[in-house]
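Line by line, the protein sequences are chains A and B. Using my numbering, read the first sequence as starting at 1 and increasing by one per residue. Using my numbering, read the second sequence as starting at 1 and increasing by one per residue.
Because the hints were derived from the structure by calculation, they are not lab data. Just so you know, not all the hints are guaranteed correct.
[Stated by the list, open to error] Just the calculated beta-carbon pair ranges, DEER-fashion: (1) B/K42 x A/S44: 37 to 45 Å; (2) A/G209 x B/D41: 42 to 50 Å; (3) A/G209 x B/T81: 50 to 58 Å; (4) B/N39 x A/E33: 54 to 62 Å.
[Claimed, not checked] If the Cβ cut is set under 10 Å, some of the chain A residues that face chain B in the computed set are: (5) Y10; (6) A119; (7) G120; (8) S222.
[Stated by the list, open to error] Coverage of chain A stretches by chain B, computed from C-beta distances (three or more under 8 Å per stretch; other residues unrestricted): (9) 18-30; (10) 121-131.
Don't be surprised by glycine CBs; every beta carbon is placed ideally from N, CA and C.
Number of protein chains: 2
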Amino acid sequence: MQRIKMVIEYDGSSYHGFQVQNNAHTIQAELEEAISRLNGDKTSIMFAGRTDAGVHALGQVVAFDSESTIPPDKWQFALNTYLPPDIRVLRSMAAQPDFHPRFNALHKRYRYLIYRRQAGAVHYRNLALINDEILDLEAMSQACTLVMGTHDFRSFCASGSSAKTFERTVYNCLVEENASLLQIEIEANGFLYNMVRIIVGTLLDIGRGIYPASTMKEIIASCERSQAGPTAPPQGLYLMHVTYPGEE
Amino acid sequence: MQRIKMVIEYDGSSYHGFQVQNNAHTIQAELEEAISRLNGDKTSIMFAGRTDAGVHALGQVVAFDSESTIPPDKWQFALNTYLPPDIRVLRSMAAQPDFHPRFNALHKRYRYLIYRRQAGAVHYRNLALINDEILDLEAMSQACTLVMGTHDFRSFCASGSSAKTFERTVYNCLVEENASLLQIEIEANGFLYNMVRIIVGTLLDIGRGIYPASTMKEIIASCERSQAGPTAPPQGLYLMHVTYPGEE
């Protein structure tokens, strides 16, 4: 028995999210089906981040056990021949028998993409939020610095979350302009349900001047979801990277 | 009766090209259907460039006649409500009654996108050629300068073309590296069937070192399709802009 770890990327546009659900087209189901077609294994894969419908990944991490004699690093090539073109394995490797992609993760990094023009938006409709409003990037940057640190992030947690604790540490929160794209990157030791999308929705309200950057502090302190901005739509969100001990 | 000119963009990924064909999902058919749903007009639209299956446009130009009282500049908004999200009207305006988007075009500009990495390629699979081979960009640039000027471009014309003359003038042919993307832009007074894709395929062979940049000159002079490189795949190609008299 060998535990295999893989880094995968996917275009989430046509999936009902990562996690297996009855009668739904999910990325987990495609991965488990590809493993089964490759060597007959019925396996349930573990994963680092449960991405929602329409959300993408450039660095999702999964793991599973196999009795197969396929060398760990060859799974990448072998599985890609069975996977649809919108899911790709980037790397595969051997992992410790008790490795778990979610429980062992030290931190995760997400990116949110905003396409700032109407022309050319047709190619970004599933890959970014299309928004060409005038935004105060300076105010958004200031608000980002207030997100950093250890806080109770309950204000940025969607209802229906099964989280038991709401304290998380945000190591990095950054707005960057790159030609027609605005990107917001957030790295933390963990994320509550919809946390990135609600932070982005709040940053956008600050960019629009609905309230000043300093309000971010009060929103965090309120511990009330109703004080934060709307949840930004899923198509702009990317799970970029998951860091494990020894990899910092 | 009013002739309407529109600039449109589309993601060609899920279409069998621009032009109406029996039982095929085409961009022209979607446009004509949207016009018909908007005001009952049965119209046949004229267009600047017949793009193939999978080819995109950021600046296709179309025109049609309508008896409708919709002001010319309002067609943009009105049609977008009836069009699928992968086809967008960017601008609409009144045109001279004899305006024809193809016959009146002075020059057209195409771009070919090559994504130069494997990581992240999942999001470019329908929007660029994925190629991470080592390429000699200097040689490709040199070959581009040999494409410029007035030549018989028969070597870069797919069989099955109905062209009567093969002489075209290329005003610009440029390779540019932009982060993970290589883009090749070609502007000419007209293009033969598959001309951009065959030029790109030839430039790639030169980038790979299969033959030197100077061979481009001999390939043009040979007037033989067999001397040029392979036809690059459609998903990297974008019709960027069409220029008309008075717009230079």
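Checked hints:
At about 55 Å, the beta-carbon gap between B/K42 and A/S44 misses the expected band of 37 to 45 Å. Remark: the range hint 42 to 50 Å for A/G209 to B/D41 is upheld by a beta-carbon distance near 43 Å. Roughly 29 Å separates the CB atoms of A/G209 and B/T81, a value that falls outside the hinted 50 to 58 Å. Taking the beta carbon of each, B/N39 and A/E33 are about 47 Å apart, not inside 54 to 62 Å as hinted.
Using the Cβ-Cβ criterion of 10 Å, the hint placing A/Y10 at the interface with chain B is satisfied: the shortest such distance is roughly 6 Å. Hint on A/A119 holds. Least Cβ distance to chain B is approximately 6 Å, under the 10 Å limit. For A/G120, the interface hint holds, the least distance from its beta-carbon to any beta-carbon of chain B being 6 Å, beneath 10 Å. The closest approach between the C-beta of A/S222 and any C-beta of chain B is roughly 37 Å, which is over the 10 Å cut-off, so the hint fails.
Beta-carbon proximity to chain B at under 8 Å applies to 0 residues in the segment 18-30 of chain A; the threshold of 3 is not reached and the given coverage is violated. Closer than 8 Å: that is the beta-carbon criterion, and the segment 121-131 of chain A has 5 residues meeting it against chain B, so the requirement of 3 holds.
Comparing the model with each numbered hint stated earlier shows that hints 1, 3, 4, 8 and 9 do not hold.
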